[in-house]
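Whenever a hint applies, use it, and build me the whole structure from the sequences.
Residue numbers (numbering that gives the first Met the number 0), protein chains in the order written: chain C, 0 to 147; chain G, 0 to 665; chain E, 0 to 267; chain L, 0 to 128.
Heads up, some of the hints might be wrong.
[What the hints assert, rightly or not] Taking lysine-lysine pairs in the BS3-like style, the calculated list, with each CA pair at most 27 Å apart, reads:
1) G:Lys403 with L:Lys60
2) L:Lys60 with E:Lys96
3) G:Lys342 with E:Lys163
4) E:Lys241 with L:Lys60
5) E:Lys96 with G:Lys342
6) G:Lys461 with L:Lys60
7) G:Lys461 with L:Lys20
8) E:Lys163 with L:Lys20
9) G:Lys112 with C:Lys130
Everything labelled a hint here was simulated from the structure, so no lab data went into it. Just so you know, these numbers come straight off a predicted model, no measurement behind them.
Residues per chain are reported as follows:
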Amino acid sequence: MPMNEENKEFRPLIVAFCCNWCSYAGADLAGSSRLSYPADVKIIRVPCSGRVNPMFILRAFERGADGVIICGCHPGDCHYSTGNYYARRRMALLFSMLEYIGVENGRTRVEWCSAAEGAKFSKTMNEFCEKIKSLGENVRLGDLRCKN
Amino acid sequence: MQKIGVFVCHCGTNIAATVDVKKVVELVRYEPGVVFADDYMYMCSEAGQEKIIEAIKEYKLTGLVICSCSPRMHEKTFRACAEKAGLNPYMVEVANIREQCSWIHKDKEEATKKAVILARAAIAKVNLNTPLKEGESPVTKRALVIGGGIAGIQTALDIADAGYEVDIVEKEPSIGGRMSQFDKTFPTLDCASCILTPKMVEVNQHPNITLYTYSEVEKVSGYVGNFDVDIRKKARSVDADKCTGCGECSAKCPLGKIGNIPSEFDRGLRNRPAIYMPFAQAVPAVPVIDRANCTYFKTGKCGVCAKICPSKAVDYEQQDEIVTVKYGAIVVATGFDIINLDKFGEYAYNESPDVITSIELERLMNAAGPTGGHLERMSDHKQPKDIVFIQCVGSRCDSEEKGKPYCSKVCCMYTAKHAMLIKDHWPDTNITVFYIDVRTPGKNFDEFYRRAVEQYHVNYIKGQVGKVKPQPDGTLLVQAADLLDGKQINMKADMVVLAAAIEPNPGVRKIATMLTASIDNNNFLTEAHAKLRPVESPTAGIFLSGMAQGPKDIPETVSQAGAAAVKVIGLLAKDHLKTNPCTAQCDTLLCNGCSTCANVCPYGAITYDDVQVMDHGLRETRRVAQVNLALCQGCGACTSACPSGAMDLQGFSNRQITTEVDAICR
Amino acid sequence: MAGSIMKYSYYPGCTLKNKAQDLDKYARSSALALGFELVEIPEWQCCGGVYPLGSDEIATKLSSVRALNYAKEQGQDLITLCSACHHVLKRVNDDMKNVEDIRTRANNYCGFEEAYAGETKVLHFLEVLRDVIGFDELAKKVVNPLEGKKIGAYYGCLTLRPGKILDFDDPENPKIMEDFIRALGAEPVIYSMRNECCGGYTSLKDPEFTKQRTEQIFDDSTGFGADCLITACPLCMFNLNKSDAKTKVPVYYFTELLAEALGVKEGA
Amino acid sequence: MTELEKKIELIKEISGSDPYKCMRCGKCTASCPAYSEMDIKPHQFASYIIRGDLDELVESKAAWKCLGCFACIERCPRDVQPGKLVDATRQIVARQRGGDYLQPEEVPELLTEDLPQQLLVSAFRRYRR
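This is the structure:
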């Protein structure tokens with residue numbers, strides 16, 4: 000039994016935030032084109048990548064996620080004009096801070112994926128899973144809120 | 000506590016072949032809030048929906064989770080179904096276990112496990128859902144069109160013909176815009192004023208159209224369906240009600256002969272009096288006094304026009320007037336101009352009167368123009384024998400301070416038009432066109448250009464001109480290269496015509512700012528979606544027509560004008576607008592009025608208000624954000640930007656998304 | 000302000016100390032007549048005549064950097080007369096201001112007490128006349144107006160281009176020299192070859208080609224009625240003088256006519 | 000990076016300009032006062048560099064015939080500034096083989112009484128390094 004435990008493949012827990020207009024539709028297209036990616040990826044639908052509050056990502060790492068990916072519309076294609084630009088800048092900042100507190104840069108990613116890019120969505124998720132697998136299990140973040 | 004019903008769809012075998020639906024039902028039954036769980040072959044079918052309705056009634060369900068295909072497919076269906084049973088449609092969530100689970104996984108155990116997790120996340124979310132109601136706002140059934148060129152005219156006519164009232168605001172004394180300056184139009188070569196002036200008259204006589212010429216939009220407030228617009232009617236110094244448009248005043252104005260006031264309409268190729276109509280077919284046929292140049296306004300002496308006017312219409316005391324009008328929709332049709340050529344000294348535009356722009360050529364070819372349609376050099380009034388056209392002057396420039404990065408789109412076609420028209424009138428003329436690329440996509444367009452080459456023997460040479468050198472003998476030496484033949488060319492010309500780049504009307508930036516309509520780096524208005532919503536601004540209730548949105552020719556402009564009109568009609572046809580209930584909300588107790596949210600909002604939906612709040616028993620006045628629900632599109636940009644957590648998004652609240660994260664990471 | 004005359008650091012350049020002494024001496028005497036003084040900076044070195052061809056070169060820019068830094072230490076603007084010096088100094092100064100890599104490396108070489116970062120303002124003598132003295136003021140000081148003279152300004156390349164960096168005048172349609180000519184009481188002749196190259200340095204190995212160029216310049220300017228040309232460049236002067244164009248007219252340094260109009264030519 | 004890409008990068012670095020921006024409008028070639036002397040025309044420099052035909056450029060007469068008058072640099076609508084590509088080509092020649100268009104030995108013969116110093120220094124910098 001212990002031997003068996005040892006050999007058990009590491010299955011990461013990955014949270015993907017997908018905007019409703021481009022990348023969620025891209026994920027649907029990956030599905031209808033039967034382009035598989037690991038079941039480790041669980042998608043949360045948000046209206047726009049700009050809706051992704053850094054708190055959500057911290058929360059995921061706090062609750063044991065091994066990787067978090069944010070997908071939005073391509074630059075210039077945002078359904079709401081500018082949301083993805085804000086997301087890109089905000090995440091760049093957050094990721095550098097996360098690295099500082101011990102979450103490697105590879106565990107976080109921002110990717111643009113249009114509604115027509117099912118193949119890209121699937122490829123991105125496969126790559127991201129591989130990356131997280133190579134990084135291994137994440138050290139769970141402690142509760143970051145102030146306590147007194 | 001919610002009472003949630005969970006329904007797991009087989010989707011035939013689409014889901015059931017990879018996901019053990021029975022097991023999903025078993026596992027989610029004990030999730031918090033769930034009081035009922037079942038599976039069915041096709042949830043979206045009539046029978047499936049019936050099952051849902053029955054369950055809602057029987058178990059008094061307050062929330063639904065449907066585990067099925069993508070919400071982009073059937074969320075609407077299931078929401079409508081819930082509404083039928085008396086449940087608020089926004090209490091329904093869909094767990095996507097087909098596109099994002101059964102279709103991409105092969106291992107049944109793994110897929111089932113994932114389906115359960117996705118269902119759990121949806122259940123957790125529904126536990127926090129609140130009934131949402133689509134808002135309603137009334138619609139003022141009147142439209143404003145800014146700009147009275149062909150784009151504005153066509154949009155206004157289409158809206159007016161559908162039975163709605165439209166106002167046109169035009170800053171010049173007459174409507175007609177750029178098209179009224181043109182001679183002929185490509186590719187059919189029909190006369191521009193012959194097709195435009197009837198439309199101008201129609202606008203003037205249409206019972207549903209009100210014209211505000213010599214007027215400008217001064218202030219805009221409100222939102223889709225409910226705009227308040229201040230329009231400044233500049234003082235014409237002529238009483239439009241009394242004026243008969245006889246033209247006596249202009250004919251007798253002493254400055255007409257000696258004033259040296261360049262006519263804007265004729266691009267400075269002739270002078271006009273101080274009291275003038277821009278052109279003979281002006282609509283309305285009421286002159287204006289150019290107060291900056293008028294002797295009476297400068298010195299208090301003269302007054303000839305007032306004395307001569309048979310209907311006593313000249314009114315020196317007239318003041319600017321501001322009118323405030325309510326509109327449901329606004330169309331921006333502010334059009335274009337050509338760029339200033341000061342930065343292109345190499346083409347000697349400022350040095351030689353015989354180097355002209357294409358619009359000036361239109362005036363010189365026009366029978367109503369300064370030369371009565373006879374093409375002549377402005378320097379010596381001789382007819383030019385050798386004419387050189389230079390394309391892309393300022394278009395496709397990388398260096399921003401000199402030109403524009405885009406292709407102006409219409410120059411290749413109008414140059415072919417000019418060349419053929421000149422050859423038609425004066426077959427002995429030699430015409431050379433220097434081009435970088437000839438771009439003629441469009442119906443009958445390339446044929447048109449080929450006709451210039453094949454039938455009219457217009458000499459097309461690939462290579463941008465380097466310099467135009469005015470010569471001592473009064474000719475122009477054009478220094479160019481023929482890139483295809485590998486030759487440098489020094490060609491004598493009597494006249495050089497520059498296809499200057501097109502740019503949006505310089506006034507558009509101010510208007511866009513007033514409307515909170517977004518604008519790109521080149522000052523063209525931005526579409527809500529480049530492909531799918533090309534005539535709407537991202538700002539609700541603002542529509543785009545003509546060159547204000549990007550370079551286009553007349554047929555394209557007219558099509559777009561019609562499309563914008565249809566969108567306006569679609570809006571005005573409604574008595575009320577349903578507003579997306581998934582909007583941002585501000586918790587005034589948390590808001591510190593920092594303006595961060597307003598700065599990121601693409602729709603100008605956030606304003607600030609001073610409100611009285613009770614905080615820990617203290618009453619104080621605070622500046623807090625307010626979301627205009629009619630404008631908010633629910634993107635949530637403000638929620639993630641808000642530093643104090645005061646902004647939240649209904650339907651995708653911080654707590655809802657966090658709980659989904661928790662459910663997935665459990 | 001008697002006694003406290005405006006002083007400028009002055010970079011004469013190699014040729015003005017030698018073959019183009021006229022350009023230099025008439026400028027100095029005219030400056031004094033107009034109330035400012037050109038103070039030659041000590042130990043200046045040749046600018047190289049040509050702005051270094053490779054954007055990665057440092058050593059060839061250092062002579063200019065030293066001159067620029069000297070003027071900075073004096074708290075004075077740096078004046079040049081020669082087109083080539085004007086061109087090189089302004090471009091190197093622009094590099095020092097805007098190109099971090101060049102600035103760092105040049106400062107490392109020079110080891111000034113305080114790093115030089117393009118603080119000095121480089122002015123062509125004509126710019127001083129236009130922007131500091133003013134052509135209307137200059138016109139008032141003219142004692143021998145050059146009435147009846149029709150003068151063609153020959154700009155050449157190096158005073159004007161690249162227009163964005165030199166910021167001297169509109170590179171395609173300049174008017175500073177024409178305004179100068181008007182201030183002296185003469186009539187400027189505008190012709191399109193005035194900003195076209197005379198052949199420049201190629202006259203060393205391809206004198207025939209340079210002759211083609213200068214012939215076009217003379218043909219064009221005299222076609223418009225010029226009876227003489229003025230220039231600010233010793234190399235243009237050389238090439239124009241070598242011309243055997245039928246339409247050849249005398250060519251002067253602009254400072255010579257300035258000194259003549261101001262009445263300080265004799266004894267300069 | 001391939002050898003070709005490295006060469007193109009070197010030219011981009013020396014010239015500070017990007018040949019890929021060229022749209023082949025030919026305004027440089029139209030403007031060039033030395034057109035008749037150039038065997039490779041200014042607008043072709045960008046394509047030669049992109050194709051990697053650097054040897055032909057280095058062997059060409061054109062690199063030595065450019066007057067350095069900046070007309071093409073001033074007028075280029077794409078900011079490619081062909082003159083800088085020409086200068087970069089000269090630099091490559093000069094750096095590879097020391098610049099062989101002007102030898103110091105031939106100078107005394109070329110000197111005349113009125114030849115300005117500016118001409119000598121300019122020619123040396125343009126022809127050599």
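Results of checking the hints against the structure:
1. The suggested pairing of G:Lys403 with L:Lys60 is violated, with an alpha-carbon distance near 35 Å, which exceeds 27 Å.
2. A hinted pair counts as satisfied when its Cα atoms are at most 27 Å apart, and L:Lys60 with E:Lys96 does not qualify at roughly 35 Å.
3. For the suggested pair G:Lys342 and E:Lys163, the alpha carbons sit about 11 Å apart, so the restraint of at most 27 Å is met.
4. With a CA separation close to 25 Å, the supplied pair E:Lys241 and L:Lys60 stays within the 27 Å bound.
5. This hinted pair checks out: E:Lys96 and G:Lys342 have alpha carbons roughly 25 Å apart, not beyond 27 Å.
6. Only pairs whose Cα atoms come within 27 Å are accepted, and G:Lys461 paired with L:Lys60 is accepted, the gap being roughly 25 Å.
7. For the given pair, G:Lys461 sits about 18 Å from L:Lys20 by alpha-carbon distance, which is consistent with the 27 Å threshold.
8. Between E:Lys163 and L:Lys20 the CA atoms are separated by roughly 20 Å; this keeps the pair inside 27 Å, and the hint holds.
9. For the hint pairing G:Lys112 with C:Lys130, the CA-to-CA distance comes to about 23 Å; that is within 27 Å, so the pair holds.
The structure shown violates the earlier hints numbered 1, 2.
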